[in-house]
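Visitor: Chain residues, written in single-letter form:
Protein chains: 2
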Amino acid sequence: MSTHPVASSPAASVTAAILAVGDEVLRGEVTNSNAAYLGDRLFSLGFDVVAHLVVSDQPDEIKAALQRLGLHVDLVLVTGGLGPTDDDRTVGVVCELLGVKAVQHESSLVAMKAWFAARDYALTPNNLKQTEIPEGSDPLPNPAGLAPGFGVQIGRARCFFMPGVPREMRRIFESHVATRAGALIAQRGAPAALTRTFHIFGMGESHIDHRLQGIEDGCPEGTVAVHYRTANPENHVRIVVRDADRSRGQATFDRLDGFIHERLGSVIYGVDDDTFISALRRTFLVTQKRLAVAESCTGGLAGQMVTHEPGASGFFAGGVVAYENEVKERVLGVEAEVLRIHGAVSEPCAAQMALGVRRLLNVDVAVSITGIAGDSLHDLSYPQAAAPASTEKSVGTVCFGVADGNGTRTETRQFSGGRERVRNAAAYHALELARRAVLLPMENPSSQQSPVELSSKRK
Amino acid sequence: MSTHPVASSPAASVTAAILAVGDEVLRGEVTNSNAAYLGDRLFSLGFDVVAHLVVSDQPDEIKAALQRLGLHVDLVLVTGGLGPTDDDRTVGVVCELLGVKAVQHESSLVAMKAWFAARDYALTPNNLKQTEIPEGSDPLPNPAGLAPGFGVQIGRARCFFMPGVPREMRRIFESHVATRAGALIAQRGAPAALTRTFHIFGMGESHIDHRLQGIEDGCPEGTVAVHYRTANPENHVRIVVRDADRSRGQATFDRLDGFIHERLGSVIYGVDDDTFISALRRTFLVTQKRLAVAESCTGGLAGQMVTHEPGASGFFAGGVVAYENEVKERVLGVEAEVLRIHGAVSEPCAAQMALGVRRLLNVDVAVSITGIAGDSLHDLSYPQAAAPASTEKSVGTVCFGVADGNGTRTETRQFSGGRERVRNAAAYHALELARRAVLLPMENPSSQQSPVELSSKRK
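For the protein sequence lines, the chains are H and D, in the order given. Quick note on the numbering used here: the first sequence kicks off at 1 and runs consecutively. Quick note on the numbering used here: the second sequence kicks off at 1 and runs consecutively.
Hint data in this document are derived by calculation from the structure and do not stem from the laboratory. Please read all numbers here as calculations on a predicted model, not as lab measurements. Warning: the hint list may mix true and false statements.
[To be verified] Label-pair ranges, simulated between beta-carbon atoms:
#1 THR230/D / ALA244/H: 27 to 37 angstroms
#2 HIS207/H / SER33/D: 54 to 64 angstroms
#3 ARG409/H / SER313/D: 21 to 31 angstroms
#4 ASP86/H / THR275/D: 27 to 37 angstroms
#5 PRO166/D / GLN213/H: 24 to 34 angstroms
#6 PHE116/H / THR230/D: 49 to 59 angstroms
Glycine included, every Cβ here is placed at the ideal spot set by N, Cα and C.
Chain H extracted, bound-state conformation (with noise of 0.2 angstroms):
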């Protein structure tokens, strides 16, 4: 896979599993994205995870992995099987195996009250059922939600139990876990570790890793770990230093940040929890700049991807989708005389497209896509088969115009992959073109931005 790990794992070393109750996650009904994002997270508190389970429903199975875990590893987080169902078992599991009984937790059953009478709702002994944890356990309020959550002590593992649902189980990770398992990587003198994620995109990952070459050159041994991976079409780089001797830790992951900043440079888009949109819309925030897009394969990708996150009405004015020949004639102004001699897969309708919804908008700046993204929505195709784009229209191919006071300019690129993977490439690419219009003439030294608003772009 993608990882390549660039030192031996540090050396003190707690573990963790991750344990997830449900025959609806073994069925495959549901995907066990909890497992993910829980891995993440205790990785980046310093915990070596070293495996994720999944069992039933069945008390016996849930007995058995949380005997297993008890005796090899220092956490356990367990989703799942704190609802009001029959097939919600595990606090019984639980009080079973330490000899306990179950009560009430009294400011969860009030809060679920409170919850059902504002809605006229009966509660049922089912509900009642939801907000039992294990006696002397360590309850763990749930501020999304009915069931609490709970830690209690089996074996040698430290466990904490969450509810599956991903919102629920997310807020009380956060609230409550993060701090305590946080306090174990502590008290076991183990050293945190000192993480950052760098987002990229447009450059590949085989050109990551030849300009990131050396970077590991003079750190202490078996302190640093250098991780890629690829979220088509980003790639995210993450530096992982864990030194018991924390001021050459931090020494450490300082070089490491600045070394990949200088090498990298501007396809970085941003680190850790910037998003591409996000790093979008501050550009054109702090320009105060207005968008619009103007679609023919990506069908509203790029519109969907801009509005996705909260905040897009500052700069997104909106876009035309124009699927069909006739509307990119009609509402864009597109020549017929292009689309017959170039085709709607050509620059110059590309030109035509950003200008007419820059036109018709009334924006400052405006991308257009039109491309081939083809008929299947996946690449199923051996990699030997997948013919080399020798014709100027074959899949992938995908033209670009950008429109905006500077005048238009147009690109072609040839994307691989299925229509999913193309229109995504494409969308992001479009956007990026935009990004770039705005944020180019700021990095000219005679722009008029200030200081604050620079820097900014580089947070």
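Based on these hints, arrange chain D on the given structure of chain H.
Guide: Leaving out everything else, chain D in the frame of chain H:
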């Protein structure tokens, strides 16, 4: 969780487990979607899936997991650890367990050499490693990549090893493993499962539950299970029949199928592999109508959904994303008076948006979406804190318009949840309004549709 087995699991049980190998999965850099895919497929084939497990790339960990699973289950599917890098060690572990050596899989080696030669790449020793499999194992050629899979016996378990790349894993599973796993089920005398999944939009889980009361009455005990799953905003109901008496099983299956169609009727848009968009496409293609959308709060999402799958060009003209009010006026012809008096989130505005985009794009059917998606991406509020929708324009309020040859209709809906959920529900609802605008005239007996066309609606 949302799964209620109506009857207990069928008696004859052939057990399976799914093992993923890879540090990147443990650390949450990759979500283990392979497990959900394989869990679903194994369950449909008739297996009881008893565990999903993820372990690290460490040979000891892989070995221990295989040994343990070999004691407990009949089938193990393993994904990951077959790549060219140093942390791909699965083949070596299996060779050690079985006391055999690794050998080249000749046809995979030939294919890989051709692939490299076509690209003028040099083969490295690591690449050669990629086409090795344990001596005497059952080779599973890879139709979508370089590394072949293989099958071996470990303890009581038949084990199939596949690469971790989902595209390659799926091709190998469907080409080679599914039939072998099915044969194992037949050989153990376990009845294959008859399953069908009903895809529903426009009715909540509790309503569905209520309508299907009594579904299991009269079914032979222990042969039937009914599972409910919410795939927001869709709901799926899956029936599973396993009966050693084959013809009785088929009769039960047919009766359940009829029961569900009778009770849920038109809210079932399709079954099994049907998607919401494929149902929309079928309806528009059969009637030869053309569709356009006008979107405000969804920002292009409805258009992106329609064009996500191939085949949209037969009926989808395009649309206008009118995120700003100025665009609603300027492009769609919404009157300033309407915006001033009723606001952008109003039925009068929705009506003019639908009319405007229908006229502009010259289509048969146009739908519009204008609403308040809210500022939190996910719904993070405690249920109690969610204010009842007392004001007319709270978060989640969305107005819709439909314009076609029969005039214009509007409606307002109140959706719950965060921004993502509201937008998703709104896009679905608008497209369902479009589908029904075309479908309902067809259901009129006086319509001119031929019986063939009518029957194609129901599959």
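Visitor: Hints first: check each against the structure and report whether it holds.
Guide: Hints, verified against the model:
1. THR230/D / ALA244/H: 27 to 37 angstroms: violated (47 angstroms)
2. HIS207/H / SER33/D: 54 to 64 angstroms: violated (27 angstroms)
3. ARG409/H / SER313/D: 21 to 31 angstroms: At roughly 28 angstroms between Cβ atoms, SER313/D and ARG409/H fall inside 21 to 31 angstroms, so the hint holds.
4. ASP86/H / THR275/D: 27 to 37 angstroms: holds (32 angstroms)
5. PRO166/D / GLN213/H: 24 to 34 angstroms: holds (30 angstroms)
6. PHE116/H / THR230/D: 49 to 59 angstroms: violated (21 angstroms)
Violation of the numbered hints given earlier is confined to hints 1, 2, 6; the remaining hints are satisfied by the structure.
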